[in-house]
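There are 4 protein chains.
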Amino acid sequence: MSSPGRVKVGIIGSQFQADIHAESFRLMPDEAEVVAVASPTPGNAETFARKHRIPRWFTDYRRMLEEPDIEMVTIAAPNALHARMTIDAAHAGKHVVCEKPLCMTMEEADLMIDTCRSKGVLLMYAEELFFTPKYVKAKQMADDGAFGRVYMVKQCEKHFGPHAPWFWDINRSGGGVLMDMGCHGIAFCYWFLGRPNLQAVTCHLGTYVHGDKTRGDDDAICILDFANGARGVVENSWARRGGMLDRAEIHGEGGHTVADLHMGNALPTYSEYGYGYAVEKAPTTKGWSWPVFEELWNYGFPQEMHHFARCVRGKESPQATGEDGRVVQEALFAAYASAGRAARVNFPFDARGVSKPIDLWLGHPSPA
Amino acid sequence: MSSPGRVKVGIIGSQFQADIHAESFRLMPDEAEVVAVASPTPGNAETFARKHRIPRWFTDYRRMLEEPDIEMVTIAAPNALHARMTIDAAHAGKHVVCEKPLCMTMEEADLMIDTCRSKGVLLMYAEELFFTPKYVKAKQMADDGAFGRVYMVKQCEKHFGPHAPWFWDINRSGGGVLMDMGCHGIAFCYWFLGRPNLQAVTCHLGTYVHGDKTRGDDDAICILDFANGARGVVENSWARRGGMLDRAEIHGEGGHTVADLHMGNALPTYSEYGYGYAVEKAPTTKGWSWPVFEELWNYGFPQEMHHFARCVRGKESPQATGEDGRVVQEALFAAYASAGRAARVNFPFDARGVSKPIDLWLGHPSPA
Amino acid sequence: MSSPGRVKVGIIGSQFQADIHAESFRLMPDEAEVVAVASPTPGNAETFARKHRIPRWFTDYRRMLEEPDIEMVTIAAPNALHARMTIDAAHAGKHVVCEKPLCMTMEEADLMIDTCRSKGVLLMYAEELFFTPKYVKAKQMADDGAFGRVYMVKQCEKHFGPHAPWFWDINRSGGGVLMDMGCHGIAFCYWFLGRPNLQAVTCHLGTYVHGDKTRGDDDAICILDFANGARGVVENSWARRGGMLDRAEIHGEGGHTVADLHMGNALPTYSEYGYGYAVEKAPTTKGWSWPVFEELWNYGFPQEMHHFARCVRGKESPQATGEDGRVVQEALFAAYASAGRAARVNFPFDARGVSKPIDLWLGHPSPA
Amino acid sequence: MSSPGRVKVGIIGSQFQADIHAESFRLMPDEAEVVAVASPTPGNAETFARKHRIPRWFTDYRRMLEEPDIEMVTIAAPNALHARMTIDAAHAGKHVVCEKPLCMTMEEADLMIDTCRSKGVLLMYAEELFFTPKYVKAKQMADDGAFGRVYMVKQCEKHFGPHAPWFWDINRSGGGVLMDMGCHGIAFCYWFLGRPNLQAVTCHLGTYVHGDKTRGDDDAICILDFANGARGVVENSWARRGGMLDRAEIHGEGGHTVADLHMGNALPTYSEYGYGYAVEKAPTTKGWSWPVFEELWNYGFPQEMHHFARCVRGKESPQATGEDGRVVQEALFAAYASAGRAARVNFPFDARGVSKPIDLWLGHPSPA
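Residue numbers (my numbering), protein chains in the order written: chain Y, 1 to 368; chain P, 1 to 368; chain G, 1 to 368; chain S, 1 to 368.
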């Protein structure tokens, strides 16, 4: 089944996001194949490997990194582990695809980028929104001039809470919903506008609904000022019932568009009896529901992994890099600082010595 | 045609909003009738009177206030004139319906409220959103417990610029789009949540598109913290092409709803040839368009005027008062101050001695 | 409370539709007032009268017809009683508002029209779709030329079954869903197109879901050919879950529009806890739902009754007459005949001697 | 670039649909590659080949059939040529993918099927709706029991006229919009319901808008009765302005869903300036428009061709066959006969000796 031309991939992780990686490679099989998986909990790697028909499995990812044929690893582990794993992989000469957010501290971000560069491996940042077909279409329209000068870009992601309990623990996550999903929105605005410098951020956070479970923020509004005069607005929530919202708005002096990934693509459905699956985070399939089709493809995951494999082969150059992840990371620190200070924060923002973004908000006396 | 039981009304103004007043009384004729109109530009009052079949017209509103049978006047004049007219009407013993925003300064607001109270007339604040049927339904649902504890209310109004040129002149308007339309959104959040005290406001303003025409803000995001722990978000723009947007979102820990007044009620239409009228501020009726039906009724204007007339008769008590307008006015000052300081501003906010809200933003060094 | 200028109304009936009549007069009180109600079941009339604050009640409607001050009666009784009640009212010198469908047989229709004419009273046909604001807007657009020549008009009404059990009994209803709701769609197409002659009808009926409860049709498609070359399409169902559908489409060579009365006006809502009321026939308010606002007004019921009262006063001339009801009735007979014959049926269609429309379908060997 | 394992494909045709074939193979390149194209007009094949980077081109498709390495041909030529080309390809030992509708006469259909079978090649019918992701999702939900027993399936396709002038000529097309697009809807209903036998068809046709250009029908409603008691409804039009409509509805006793391929996936957009491309048949990109993304993928074309290539390799068995095309062809004859007779037509329907479907409608005296 192995084809010599395809990039051999090892996945680190065996949960929600690792499944997405494995399934994505399966959906676009012409450029890469998953040959190994590593996960520390006994049994998890093997179970995952059998489910996805992956020939090799490991409990220690460092053991997997010794496999000589593996050319690229994807990291689908908790945020606090991203830096260590990336650096180990770089030392082993493997190209790295790292999930979002890039890491915990600015020092980690710099070290990840420097190590990969010095070891001659690619550090690719798994921001799938750069590959989401509906969002890509919006960007093509904007680049075609549909909206004239774009002065505001909005992106929001909302649902009723993360898919793994470690997100509630700010020591493992580094922050709440802004950290978990705001990183998508910040990256989106930055990418959509053509990567202009960030000038300032104004952020408003609250723990409105899940205060019994977390000290982290569960609803966030983050306003970004860019050097080109445009504004980004990022809205996130862990307090939205009824399924997932993932939506972007583009506003220009000459027009606007809305790209809604879920209800905007869905089949409006009423069912007395229910059915298999509607969409991520949907509470039920009885009554009215909003099933989507080909969810991974509509997010752009297979296209993203396909692109990364082609980058390894030198057929394309990376469209989502460690440097992108670093910009997002700096913005996350600045945003939590803005919420903590109850004031706008300007860039560049020096977050050296801070161990996680949310520390700049918690313990500050601002309301909400 | 006159019926003795109906409240006799005089309108001050002859433009856009005065038309809405006259038409609103015509649509619900059982409680009130318009018997006079006053407008200073020669000919305007008469033209208006003939169009709406109003028997009396005046160029000087003070002359109209001398008519003994008039019981209530509605003020549809530029913002800077609201206080003077209200006070004159109160002295003449007439009940007052004043358009939004209430006035220019906090001193004016206080004087309007005090004068009406001491003269024994009602000061009613023409915030039609308190009567908008779709918004009223959302509030009923919230009050029924549909969404559990409501933690966030959003309201936005957007179009491509005001209906009269004086809005571009900040000396006559007192501010830009936040002043023009943000007053609706602030009032909406306050009313929807049951009039909790305002604690703080965080506001981000910019002049993104119309800098050639105005020094005022043309796109605004205003975040309100209320004493009950809920957040209001008000978004306004004069930079939206393609017609009007007027929309509210309600978010609770137990659910959410969206009330979109225009596209959300419209008839999705494609026309090669065009037709009479789609909706306020729509650029064309050719191609795809979003015509609404019974626009005034769906805004709640006739219901609002009907209610005010019943208040004059003592059949109901005012649901939108000068005090409401004063709260909104204070929030407008605080919001411009927040944008000017690039920081959250806490309540109560002392704006005495400031001649118009936008002065607290203009001339400050913050970006955008 | 009584005002001499208002038309005094008596309602015959005390169930679903009678409530709508009473509530409609209450919502637009300036032209008419309900002074009496009649319903044969002991206690019903009194309960209804107390609920709606109606001063007089009767168990025998003929007794109510003797009240000299009553000028207009509205008939909200089962179809089989319409003719008798109309004729009695005409003999008593009362104007008549008769609910849809007009009656059971063509002989009845002719007798109702002739009797009212000879007695000098108005026979008004309570087709509220002629007054539905969203549908009226669509017609205005068409009349403005928005769609060029209109070649097809569609209207559909669907829900999961009638609001009273007598509809399942074809001897009392005269037919199934086509009789119950198709009469609205037929009237709509006829009215929208400017009352051109009907040329032919092609109808396809089935009892797909409720065969255990009725011999009547529960899903119907009815295609009408008009003399002006346009086609009407009427779709009805008692087999639709999840709430009511009431929707019209207009198709011209120059464009098209869609008027959806419920989901098209609704507030898309998610609720964990539920709330008071969403819309007619909605199964629940938990989960996703589509609440409408001001349901009666959006159907046009108050406007319709207001219009009828003004007709009695001679201020307007009836826009929905017994003659309209007769056209619909003939079309219903022809439609059932078409389904029975499995063939198109041409107009004029002689249905004399047939005791109810559905007899022309039942007992015929055609499939489904 | 050539890979020995991939199926080598020759395309017959160089216009609209041939482009879709070539692009579809390019989008999913792992199973097949296009190595040749044939088109009779001088220059067309070469232009097409250069555009799509196809190495060989021919003006005579029979010459292309002599190429020994070609294993599969796709036919994207006018309907009247389908049978001849299929039979020639079968004699050359090539597997055949034939565009819709299958052919002109029932005799042709039988000969195509028999020849391919006897020559041991696959006859695959290019009905892409069997592969449309949104429609496939609807079918999965139905098969999961979401709607209980499905009693009605609707599918419609509408735009303002065909993409090539030969469709207006009934001698080349065999029929109007029912022939052009109704074949999709008939196939859809048959497939969705699990291929039950067709029992009867009731069809209503008209030439409402394009009578100056064609004798063919430009608006069609076709009602199908299936042996399992369900009803199919197929609506098609060449008279719809404002872009393409492609939409399915599924109705069961336990629920329903709607799958709208264009507006239902689109980005609601307003643009003063326009942009590259919105969707097939859209008149403009200025003003409001409904751009779709990844149009071919959302139709299922690449997935369809990928599947057909895998069938050639024996990895899958054909999901859309000549037999399916034959069922559709019989239904088209019966539908035109129903419109001609103004009556329901039962199956099986003997259409031998009739040279094209529309002959059974034209020349008949029925109205419209």
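Keep in mind that the hints are not guaranteed to be accurate.
Derived BS3-like pairs: lysine-lysine, alpha-carbon spacing no greater than 27 Å straight-line [what the hints assert, rightly or not]:
1. Y:Lys286 / G:Lys286
2. G:Lys8 / P:Lys315
3. G:Lys281 / Y:Lys286
4. P:Lys8 / P:Lys315
5. G:Lys315 / P:Lys51
6. Y:Lys315 / Y:Lys51
7. G:Lys286 / Y:Lys281
8. S:Lys213 / Y:Lys315
9. P:Lys51 / P:Lys315
10. G:Lys315 / P:Lys8
11. Y:Lys213 / Y:Lys315
12. S:Lys286 / P:Lys281
13. Y:Lys286 / G:Lys213
14. P:Lys8 / P:Lys51
15. Y:Lys8 / S:Lys315
16. G:Lys119 / G:Lys8
17. Y:Lys51 / S:Lys315
18. P:Lys213 / P:Lys281
19. Y:Lys8 / Y:Lys119
20. G:Lys8 / G:Lys315
21. G:Lys119 / G:Lys281
22. S:Lys213 / P:Lys286
23. P:Lys286 / S:Lys286
24. Y:Lys51 / Y:Lys8
25. P:Lys315 / G:Lys51
26. S:Lys8 / S:Lys315
27. Y:Lys119 / Y:Lys286
28. G:Lys315 / G:Lys281
29. Y:Lys213 / G:Lys119
30. Y:Lys315 / S:Lys51
31. S:Lys286 / P:Lys213
32. S:Lys281 / P:Lys286
Residues from chain G that keep clear of chain Y, each with C-beta distances beyond 10 Å, as calculated [as the list claims (entries may be wrong)]:
33. Glu23
34. Thr59
35. Ala92
36. Gly242
37. Gly243
38. Glu272
39. Lys281
40. Ser289
Honestly, the hints are just simulated from the structure, not real lab data. The beta-carbon is built from N, C-alpha and C at its ideal position, and this holds for glycine as well.
request  = May I ask which of the numbered hints given earlier this structure violates, with the numbers listed in increasing order?
outcome  = 6, 8, 9, 11, 21, 27, 28, 29, 36, 37, 38, 40
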